[in-house]
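Each chain is listed here by its residues.
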Amino acid sequence: MLTDLDYELLSAYIDDTLSESERTAFEHRLQAEPELSRELEELRATVTLLNNLPPLKAPRDFTLDVRYARRSSFFFTSVTFSALSTAAAIILFALGTYLFTGNKASTSAPVSGQAAQSAFFATSTEQILDKAAATTATEPLLNEVIVTTNTALNSPIVPPDGVTANDAIIQVTSSPQPSSLPNQSPLFQADAAQATDVNGEGFDSTGSAAALAPSDMQQRTNEATQTVTNEQYAAPMTSSGAIGGAPAPSAAQEIDATEAEANASMAFAATQLPPTGLALLTSTALPTASTVPSATDTPTLTLTPSVTMTNTTQPTETATPSPTTAPLVFQPPVTAPDALPLLLVLLGVIFLVIAVITTLIRRRNRS
Amino acid sequence: MVSELQNESALITAALRGNMTAFNTLVLHYQDRVYSLAYRILGESESAADAAQDAFIAAYRRLDTYRGGSFRAWLFRIATNTCYDELRRLKRRPVTAIEDLPGADADDGPALPADIATPEQAAQQAELARAIEQCIGSLQTDQRAVLVLSDVEGLSYQEITDITGATLGTVKSRLSRARAGVRNCLGNVQELLPSMYRLKGDAN
Chain A
1 MLTDLDYELL SAYIDDTLSE SERTAFEHRL QAEPELSREL EELRATVTLL
51 NNLPPLKAPR DFTLDVRYAR RSSFFFTSVT FSALSTAAAI ILFALGTYLF
101 TGNKASTSAP VSGQAAQSAF FATSTEQILD KAAATTATEP LLNEVIVTTN
151 TALNSPIVPP DGVTANDAII QVTSSPQPSS LPNQSPLFQA DAAQATDVNG
201 EGFDSTGSAA ALAPSDMQQR TNEATQTVTN EQYAAPMTSS GAIGGAPAPS
251 AAQEIDATEA EANASMAFAA TQLPPTGLAL LTSTALPTAS TVPSATDTPT
301 LTLTPSVTMT NTTQPTETAT PSPTTAPLVF QPPVTAPDAL PLLLVLLGVI
351 FLVIAVITTL IRRRNRS
Chain B
1001 MVSELQNESA LITAALRGNM TAFNTLVLHY QDRVYSLAYR ILGESESAAD
1051 AAQDAFIAAY RRLDTYRGGS FRAWLFRIAT NTCYDELRRL KRRPVTAIED
1101 LPGADADDGP ALPADIATPE QAAQQAELAR AIEQCIGSLQ TDQRAVLVLS
1151 DVEGLSYQEI TDITGATLGT VKSRLSRARA GVRNCLGNVQ ELLPSMYRLK
1201 GDAN
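Going down the list, the protein sequences come from chains A and B.
So the first sequence is numbered by our numbering: it starts at 1 and just counts up by one.
So the second sequence is numbered by our numbering: it starts at 1001 and just counts up by one.
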């Protein structure tokens, strides 16, 4: 019985790769062992058969097209390029997500605190409306400011002691030379009352589109924040109605700028809870995104109620800012940090698409 | 059988400069051998054609890595690698290659050598060649590759170690096992074979 070593020696002997001494020793064995000798002959015959095995005919020509020459030199379709694109996409996605969640965390942090505060400060909507109706002054507001206030109104905060959300808004939006105009309270009250009755279920034409937007917004906000009570729910709706119909600030000016801003940012944070990525992308596409402060990312922006609102409420807009609050305008827009993650994600998508396309091209080249 | 191209180095130089016609001349010269190598390693004609095509594309793209020496060995190295790639791909997505083994398909038979005199001889020779292909296909992949590179394509041990990345000892061991395997296989395949087989064996 031959061993593996015997077969290796036989194979080496056939190929003449044994050393002189090895060969001599092996030839002695071949003479002495007929089995080994027979095996050698059969193996040798096998090798000869293999040596003479004719090549097969290629089923087709494998000549290369000129396109291979061109494409082969393209870095664009190389594996490296695809890999780099994919890596860039992943990094951009990660960075965008990180920045986005970071922003969200920082803005949503005050929500719970503010919600509790608003619950504590909540007063009846009638009171607020009465006070608001008491003093009205018309002041055309800038579109973007209205957007801001409108968003701020979504805040379920009802400041204490007659200081409505409107106050905050007026402070925020007050122009340098506010002028008091004849009281428009009849219209306003009717409208506000309607707003209260409807309780967020859409507003009539006098309520304007601006009111509609908040109502939609409010529903979403409530869905997201379970802690919001009915009272809180009603409060912002009336506030919205007030703005929509005839916003009227009370005389009280307790709310300072920081609180106003806090309210606005809270509105932003609250309304930002439910939106999907798509909504966020849409909001960035809006031209107002760059001009509107932190509230820009709220889905209400996509409705852009400001235009309608300005038209319908222009004569009834009110503003009685105190000297202390007059200069208090929103800080320069902080949209850059908000838009950046979206921009990064968008870039990531682009890189991902490039990676997929180059991979597809390469695969097509192979086939 | 393996006739060297007289102007092979000139064609390679021209191909390096982007002359596709020069490269395609090389392709046409080597395509049967590359396809044969691929077929014998893979045991399946469609995969072999894919591997051969991939090998020539890869060869063109990596032509600047050719550092002289045997162009055929360099080409076979690339072809063997594309075959291994193809084997890995087939392993992930197995296909029914059994009916496509040599001998099962008349159209797949090897090209007939030109020096066959009579139709009987031609038929016997074709039958034998088919049996050999079948026996090669029955070997393990590693043994198959070494056997084909060594005994069918006539490459040296050193070239085979370069191509397969295996050590010299491993190559020798695989080769001896592969030869023994084919010998055993041929002895068992058909009644027809022993006479032809011994005829060949006696001739040497």
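Any given hint could be a false lead.
[Said to hold, decoys possible] Here are some, though not all, of the chain B residues that point toward chain A, as calculated from beta-carbon distances under 8 Å:
| id | residue |
| --- | --- |
| 1 | Asp1032 |
| 2 | Tyr1035 |
| 3 | Arg1067 |
| 4 | Gly1068 |
| 5 | Phe1071 |
| 6 | Ser1176 |
[What the hints assert, rightly or not] Simulated restraints on C-beta separations:
| id | chain 1 | residue 1 | chain 2 | residue 2 | range |
| --- | --- | --- | --- | --- | --- |
| 7 | B | Gly1165 | A | Glu22 | 52 to 62 Å |
| 8 | A | Asn51 | B | Asn1188 | 13 to 23 Å |
| 9 | A | Asn51 | B | Ala1010 | 26 to 36 Å |
| 10 | B | Thr1170 | A | Leu95 | 26 to 36 Å |
Note that these hints are calculated values from the structure, not bench results.
Idealized CB from N, CA, C, for every residue including glycine.
Query raised in the report: Which numbered hints turn out to be false for this structure?
Result: Numbers 3, 4, 5, 7, 10, in rising order.
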